[in-house]
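S.K.: Here is how the chains run, residue by residue.
There are 4 protein chains.
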Amino acid sequence: MKRIGILTSGGDCQGLNASIRGVAKSLYEEFGNDVEIYGIKDGYKGLIFGEYKLMKPEDFSGILTLGGTILGTSRQPFKLMRVIDENSVDKVQNMKDNYKKMKLDCLVILGGNGTQKTANLLREEGLNVVSLPKTIDNDVWGTDMTFGFHSSVEIATNVLDCIHTTATSHGRIFCVEIMGHKVGWLPLYAGIAGGADVILLPEIPYDIDKIAKTLDNRIANGKKFSILAVAEGALSKEEAAMKKKDFKKARAEMKYPSIVYRLADELASRVDNEIRVCVPGHFQRGGSPCAYDRVLSTRFGAAAARLIREKNYGNMVGLVNGKIVPVPLSEVAGKLKTVPVDCEEILAAREIGISFGD
Amino acid sequence: MKRIGILTSGGDCQGLNASIRGVAKSLYEEFGNDVEIYGIKDGYKGLIFGEYKLMKPEDFSGILTLGGTILGTSRQPFKLMRVIDENSVDKVQNMKDNYKKMKLDCLVILGGNGTQKTANLLREEGLNVVSLPKTIDNDVWGTDMTFGFHSSVEIATNVLDCIHTTATSHGRIFCVEIMGHKVGWLPLYAGIAGGADVILLPEIPYDIDKIAKTLDNRIANGKKFSILAVAEGALSKEEAAMKKKDFKKARAEMKYPSIVYRLADELASRVDNEIRVCVPGHFQRGGSPCAYDRVLSTRFGAAAARLIREKNYGNMVGLVNGKIVPVPLSEVAGKLKTVPVDCEEILAAREIGISFGD
Amino acid sequence: MKRIGILTSGGDCQGLNASIRGVAKSLYEEFGNDVEIYGIKDGYKGLIFGEYKLMKPEDFSGILTLGGTILGTSRQPFKLMRVIDENSVDKVQNMKDNYKKMKLDCLVILGGNGTQKTANLLREEGLNVVSLPKTIDNDVWGTDMTFGFHSSVEIATNVLDCIHTTATSHGRIFCVEIMGHKVGWLPLYAGIAGGADVILLPEIPYDIDKIAKTLDNRIANGKKFSILAVAEGALSKEEAAMKKKDFKKARAEMKYPSIVYRLADELASRVDNEIRVCVPGHFQRGGSPCAYDRVLSTRFGAAAARLIREKNYGNMVGLVNGKIVPVPLSEVAGKLKTVPVDCEEILAAREIGISFGD
Amino acid sequence: MKRIGILTSGGDCQGLNASIRGVAKSLYEEFGNDVEIYGIKDGYKGLIFGEYKLMKPEDFSGILTLGGTILGTSRQPFKLMRVIDENSVDKVQNMKDNYKKMKLDCLVILGGNGTQKTANLLREEGLNVVSLPKTIDNDVWGTDMTFGFHSSVEIATNVLDCIHTTATSHGRIFCVEIMGHKVGWLPLYAGIAGGADVILLPEIPYDIDKIAKTLDNRIANGKKFSILAVAEGALSKEEAAMKKKDFKKARAEMKYPSIVYRLADELASRVDNEIRVCVPGHFQRGGSPCAYDRVLSTRFGAAAARLIREKNYGNMVGLVNGKIVPVPLSEVAGKLKTVPVDCEEILAAREIGISFGD
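Protein chains in written order, with UniProt numbering: chain H, 1 to 358; chain A, 1 to 358; chain V, 1 to 358; chain G, 1 to 358.
One chain only, chain H, in its complex shape (with noise of 0.2 Å):
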C-alpha cells in the first residue's frame, strides 16, 4: 500500500485543484486500490497541527475547473527554519511526527517560492516529498513557467480591455494596479496583452517626470486616453536608490493603501487629464483557470505521481523547454524568478511603443 500526502500552501491561485486532480487521477491509475491519498487540511499548518483526511477517489472528481483549493491553504508556518513557537509548538517536528503517523511514502506538496523552501527544509529532514510550482507570479525559479500565470493574465488583460472602453470614450488616464510585489511577469505580460501605454515593473524603477512626459506625447498626437499597467511592487528611481530597510519604512509609512494611489496622485500635478484608479485585486488569483494552466497543470499532477513511482523524491516538477523536468529542490530554494530587463518580451515591447517609465 503507497500512502501519499498532498496539501496545498501559500497564496491560492487558479490551477490548484487541476493539479491536485492531476496527481489524485494518475496515481489511482497507475496503484489502484493500492493507493492511500492524505489530503493535508490548509497547507503546512495541517501537518504541523495533525489535521487531514483520507480521501476518496470522488473527492478528485469534477475539480478541473474549480478555483481556489479543496485543501486550503495558509501563509507560509515560518521564515526561519525551526521556528519554536510561543506555544512551545516545534512546528518540523511536528510535521515530521505526522508524516510518521499517517505512514506516508511521499508528501506532494503545492506553492509558491516560500513552500518550495519549506519543502526543501522537510527534505533535509528526510522526508520524501515531491513539488509542483505555484504562483501567479510565475517567479519559481527552476520552471519556465507556473500554472496560475496565464489564468491570471487572462483576468487582468480583461480589466484592461474593458477600462480601455471607457479610457477612449473619455480622454482619460487610467492607472491600473497589477499584482506582482516583487517580480513583474503579471504586469508585463497583461500589459503587453491589454494595450497598455505604460507599463511598470518592479524590475525597472520609474521616473515620474518621464512618464509624464510620455502620457504628454501621446496627447500631443492626438490620443487623449492613456493606460499605465502598474505592477503592486512598481517603484521609483528614488526608492530604488534606497537602503532596503529604509525603503521599507518609507512605504510603511506610505499614506497610499498602495502604489497606484500614490502614481495617480504624483501624475495628477503633471498632467491635465483626469486620472482614475483601478485596483482588482485578489480577483485576479481566482475563478476557473483556463485552458493553458488546465493543461500545465494535468502534466504537472502527472508527472508528480511518475516522481512518486520512480521514487525519484526531492524534486520540484518543472517545465523546460516545453519539457517536464524534475528540478532538484536543492536548487529551487531561496531563489527567484525576476523578469530580465532584456528579455524578448520588454524588447518587443519596447519595439511597438511601450514606455517602462524608465
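Be aware that one or more of the hints could be misleading.
Any copy, or any two copies together, can satisfy a pair, since identical chains are not distinguished.
What the hints assert, rightly or not - Capping the alpha-carbon separation at 27 Å, the derived lysine-lysine pairs in BS3-like fashion look like this:
1. Lys41 - Lys223
2. Lys337 - Lys323
3. Lys45 - Lys223
4. Lys117 - Lys244
5. Lys103 - Lys45
6. Lys117 - Lys323
7. Lys117 - Lys2
8. Lys210 - Lys53
9. Lys213 - Lys56
If you're looking for bench data, these hints aren't it; they were derived computationally from the structure.
Use these hints to put chains A, V and G onto chain H, whose structure you have.
M.R.: Structure of chains A, V and G alone, referenced to chain H:
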C-alpha cells in the same frame, strides 16, 4: 431630407454603441437616402463648440458589440441652467445655434440623469429631442431598466465569483467596492448574484458593529470567509444622520481614497480574520455589452427612430412592464430612481440570509 | 418539523442549482433545525422509485454558480396520465406512496412545461406542490421569464459574435442552429444580440427564395457575409401548411441530422457564397448561470419558500411585470408561451433590417 | 522610404490583427514617416488582382483585441505552382508585377501551412518576404507555437465545460467535434483542459469497440456520463488502413455531414446511454484573441519588423524553446507538425485515465 443629430453624454457604459446603431439602422431602413445623421462629438461639448460630422451608414456597422461610444462623451456641461462661462460662451445659445446650423429635425440624446435634465432644458428651449436612458446605475426615473446595467452586474458578479474562490481557500474577509454613489441597484444585484454575505447600499445605512457581528456569527458557524459587496456610496448610520453639508465635508476630509478602505479598517479592529480590499472601479463600465443590453439597446434605438418618424418629440424612451413607452422628458428631469428598501430583491436577499448591515 | 421534498425534471439548464439554493437557504433561515429537506434523485424517476436522501445545509453551499443540477434530472416519466408501465409499476401511485413515506409537507418541483403538467397532476392527486419555471426556451405560460433563458441567450450570442469575425474576414454565409424546437425566444434574442442578418423561428415559416434574395441583396450592397440564426424548429412555409402527422413523418425521414444542414443545402443551390454550418447544441444549456438568472433564481427560490410558509400550495412561482406572483398550476398546465409574431422584439428587429425569411 | 506590403491568407483565426498591429507599430516606431505600409486585400487574391491600399497609422489602432483580419483573407490561390487560370491569368507573374508596382521592400505574409508554401514560392521568385505562422491548428513546422491556437483551445474547452454540466445532470454521452482535419493539437489540448474522457485524434486511429468498452467501464464505475472530444479528422483503424484514394472516396460518399455524427451512430448501437452531438465549428476560430495569443502575436509582429530592419528576408518568424527565431522558408514549406503519438501531453492524458480509442 430628414436631418438627425446624435450625441452621448455623461459616463460611458456598455450598450451606447448598440443603441446608436439601433437608431441609425432604423432611420436608414425607414428613410433610405432621405436621412442625414450627424454625429456630435464628446457629448454636449460638441454641440456647444460645433464639433460634429455627417456620418455614413458604414460608421454604424460592426459596433453592436463595441464598448464605449464611437461619438465620445464628456461630463455634464453645466450644473446650473444657461451658464455663461469664463470665456463668455453662452452654452445654451451655442447649442441652439449649432442645432439650427445643422438644420436638425431632431436631436437624439443618450445619457443618464444629468443628461436627461439637460435634454429637457433643450426641449424647453424649443429643440426637438428624443432621449435614451443610459447608465450602469439603473437609476433613471421613468424606465424599469437602463442599458448598461446588466452588463455591469455581470462584470461585478464575475469579480465576486473569483474573489469567492480565494476567500474560501484562505478563510478571509473580502470587501469589494461596487459602483453606485447615490443608488445601489448595481451592488444589490451583483451582491445577490455573486453570493455576497453582506451588501451595503447607499439606501440602507450600516451599523459597523452589526456587520462585525454578522461576520463573527459566520465564523461561529464554521464559515471562515465572508464577502462584502460595498457600494461606493455606502454610509454609516452616523453619517446618514448628518446634515448633507457636514457629510460632504467629512467625506472630503476622509483619509481613505474610497469608502471600502475605511470599512476594511473599521472591521480590522473588530474581527480576527484577515481583511482584503478589491476596487474594480471603471472596469465595471467597460467592455462589450451583454446580450440583454444589446437587445434592450436595439429596442430602444428602434423606438427612438419610431418617435422621430411620428414626430413625437420631447420624450425619453423607457421600458415599463416589458413594453417600450415614451416618457415625457418633463417628468423624467431631476428625478432619481433609488432602491426601495422593501423592494422584492432586498426581501428575497434577506430571506436567504444576506445581511444589509442594518 | 417541516419536511420538504425537492426535484428537478426535464432538460437541465443554468440556474437550477441557484434556485435549489434559494429554496433551501430560505427554508433554513425560516425554520432553522425544524425543517428537513429531501433531495429526490433524477427528477420524477426518483420519486417513482423511491430514490432520495435527506440533505444537509452544506449540500446547498457553493452551488450558486454551478451549472446543471446537483439532484440529477430525467425526462418526463409519462406523456399520458397515470401510466402503468411494462413492469406493472403504477407511476403515479408510486409517487404518492413515496411522498407519504417521506412524510412531506410539500414537494418543490423545478421544470419546464412537461414538468409543470405533471406537477399539476400530482396536485390533483392531493399532493402539496410548489413549482418553479425552468427552461432555456422561456416558453412556460404564466411567467414573463424563466431562469436559464438569459444564460442561454448569452452563450448563443457569444457563438454568433465569434462566427461574425470569421464571416466578415472570409465573406461567407453562416447558418447557426440555435436551440428552440417549438418556440423561438432563444434564437430571437440571440439573433438580435448577435447581429444576425436573418432569424428563422418556429413561429414564422420561411420562404427559402426570400432568404436567398435577402442574402443576394446584402452582397449587392457590398456585404459579402451573412449570418443566419436558425431555430432547431425552423420550418418552411410548405411544411407549415402540412398536416401535423405528415410533417412529423417528413421530418423523421429527413436525411439531415438537423434542420440547419438542410437549410445550408437549400441555400447552396441559390447563392454563390460559401456556406458553413455551426451546431453548438447542448453547449447552450450548460455552464454557470449569468447574473440575471442567479438573481431571478434566488428570487424564485425565496418565493417558493414563502409559499410553503404560507401553505399556499398548488402554484407555480412566476414573474409578471417585474413582480413575483403565484400562478395556479391548473392554469399553467398544458399551455405554451410562443413568440407572438408581432411582438415588440420582432418589430424592432424588422425595423433595423433583420429578415425573418417570410 | 521603406515600402512594406502585408497580407493575411488562409482560414482566419484569432491574433491576426494583433500580429498586423505588432508589425505596423514596430515599423512606425523604427522608421517614423519613412515607411509606407500597403494593406493587400483578401490574401494572395489581392496581390494577384492588384487590390491594395496605403494604410495609415490609425488603421492599426484599436485592433489588438479584434477577431478576424482587417485585411480580409481568402483560400490558397493555387495548389500547383504557377497556375495559369481559365482566364489566362498567370497568378505568380501578377503577384510579382504588383509587388513591383507597389515598389515594395518586403512583403509580410501571415498564414498557415499552405500560405507558407506560397510565401516560399514567392521567395524563390525573387521577392523579399517575411512570414508569420498563423493557425488554430498549431501545425506549422518550425515553430513550437502558432498564434490562434490557445484562443481556440480556450473556446473549445469552454464548450466542453458547458457540455459537462448537462452531461452529468442527465447521465448522457456527448460527442463534441473539435476542429482539426489533419492534425490534432487542438482537440488534444481542449480534450485535456475540458476534462474529456475520450479524445480522438487524426494521429491515433480509433477502434469503435474499444471506445464502447471504455464508456461501458465508466458506467460500471458509476459514471453515467461521458464526453468525447472528437477531431474533425478522426478516423477508424479500418480507414487508416485504406489507401488514401479509397479513404477520400469513402469519406466523400459518407452520408453524415461530418465524422462526429457517424461516431454517434456507431456508438448508439453499442451503448445504452443517450448520445448527443455538438458541432461548434467555426465558432472556434472567431472572437478576440486570448492574452497568450496577443503577447505572442505582438512578439511575432515586432520580430518581423526586426527582420525587415536587418534585411533578413526569406524567413518565417518562429518560437523555439521560448525564443523568437527566424526559420528559413525553404525549410518550412511543405511540412506539417503533427502530434507525435508519444508526446508528453498524450502520455500525461493516458496517465490520468483518458482514452484515445486505440
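S.K.: Does each hint hold? Answer for all of them.
M.R.: Verification of the supplied hints:
1. Lys41 - Lys223: Intra 52 Å, inter 15 Å, cutoff 27 Å: inter-copy only.
2. Lys337 - Lys323: both (18 Å within a copy, 17 Å between copies)
3. Lys45 - Lys223: For Lys45 and Lys223, only the inter-copy Cα distance (18 Å) is at most 27 Å; the intra-copy one is 52 Å.
4. Lys117 - Lys244: Result: close within a single copy only, 22 Å intra versus 55 Å inter.
5. Lys103 - Lys45: Within one copy, since 18 Å is at most 27 Å while 45 Å is not.
6. Lys117 - Lys323: within (23 Å within a copy, 29 Å between copies)
7. Lys117 - Lys2: Within one copy only: 25 Å inside a chain, 54 Å across chains, cut-off 27 Å.
8. Lys210 - Lys53: For Lys210 and Lys53, the Cα distance exceeds 27 Å both inside one copy (56 Å) and across copies (36 Å).
9. Lys213 - Lys56: Result: close only across copies, 24 Å inter versus 60 Å intra.
Checked against the numbered hints given earlier, this structure breaks only hint 8.
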